[in-house]
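K.L.:
Note that the UniProt record's numbering has the sequence shown beginning at 1, numbered continuously upward.
Think of the hints as simulated: they come from the structure by calculation, not from any bench. Values in this document were obtained by computation on a predicted structure and should not be read as measured data. Any given hint could turn out to be false.
To be verified - Beta-carbon label-pair distances, calculated as ranges:
hint, residue 1, residue 2, range
1, Pro36, Ser9, 24 to 34 Å
2, Ile217, Ile256, 28 to 38 Å
3, Gly187, Gly222, 30 to 40 Å
4, Asp228, Asn118, 37 to 47 Å
5, Leu147, Gly222, 17 to 27 Å
Even for Gly, the Cβ is constructed at its ideal location relative to N, Cα and C.
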Amino acid sequence: MIYGTSYESLSLFSKLYVSTCLLSCAHILVDQCGRPVPKMKIMLWVWPITALWAGIFGIWAYRVISHRNVLNSNEDNIATSLKKRKDTLEITRQQEVNILDKNIMQNMDMSSTEHNLNWKHIIKGTLHCGSGCTIADLIGPWIFRLLPFTLFGNMLYGEWALEYVLALIIGVFFQYAALASMTLHHGLSLWWRAFRVDFLSLTAWQIGMYGWMAIAIFLLIGPMSPTDPTFWFMMQIGMFCGFITSYPMNWWLMSIGIKKAM
């Protein structure tokens with residue numbers, strides 16, 4: 001167990017890291033204000049939520065993955081504008097065909113990524129999954145303080161169960177929002193598909209997160225309060241662990257076509 005001076009140092013580092021993550025979240029929120037809205041609007045929430053635990057790594061993922069999609073969206077808009085004004089703009093038929101062909105290939109990318117997966121698709125899908133977990137783990141401890149209960153005679157297990165249910169509810173909503181942007185078919189069938197997809201990937205994420213928190217609580221630090229910055233730092237490490245355990249699951253779900261690559 002960590003005690004005394006070591007715990008004070010850990011507490012100080014926790015405050016610094018939590019502050020860095022809050023600034024990273026604010027940076028992404030401000031940056032998004034000056035950029036076009038992405039096709040998958042739910043990602044406007046995913047990136048700042050990711051930064052709440054990933055900090056500068058979240059900014060890196062946002063810039064490397066999100067900015068590429070924004071560029072593609074801009075090119076799509078340019079192609080559409082050229083098509084609408086083709087009677088007034090002096091462009092050749094061949095130029096117009098080239099633009100439309102490029103636009104078609106970009107649109108096909110979303111539907112064919114199951115066969116052309118790369119690490120960016122999987123990271124984006126995994127972070128999208130983790131956003132629901134992050135929100136649940138942010139609000140769950142405070143709800144549990146108001147409505148505590150035990151599971152198997154243990155308060156901690158009760159809190160984890162509450163956070164898992166919250167994560168699943170929020171995660172399914174996030175997954176539905178993502179799927180709805182990629183298909184014209186909405187309704188109960190899409191909600192069921194969102195549940196199937198998110199149940200597996202979210203459970204894989206929570207396994208990593210709960211695994212780390214069990215180590216922190218039972219072996220390293222002991223019980224912690226959500227009013228303690230160290231608690232949130234441990235949760236942030238848990239999110240990294242959740243990302244690691246969920247990444248293979250998201251790769252598998254995308255590779256067999258159950259989950260659409262984003």
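K.L.:
If a hint holds in the structure, say so; if it doesn't, say that too.
P.N.:
Okay, the hints, checked on the actual structure:
In this structure the supplied range 24 to 34 Å is violated for proline 36 paired with serine 9, their Cβ-Cβ distance being about 44 Å. Evaluation of the 28 to 38 Å hint for isoleucine 217 and isoleucine 256 yields a pass: the beta carbon distance comes to about 36 Å. Range check, glycine 187 to glycine 222: Cβ separation about 48 Å, and the 30 to 40 Å hint is violated. The given range of 37 to 47 Å is respected by aspartate 228 and asparagine 118, whose C-beta atoms sit roughly 40 Å from each other.
One distance hint, 17 to 27 Å for the beta-carbon pair leucine 147 and glycine 222, holds here, with the actual separation near 23 Å.
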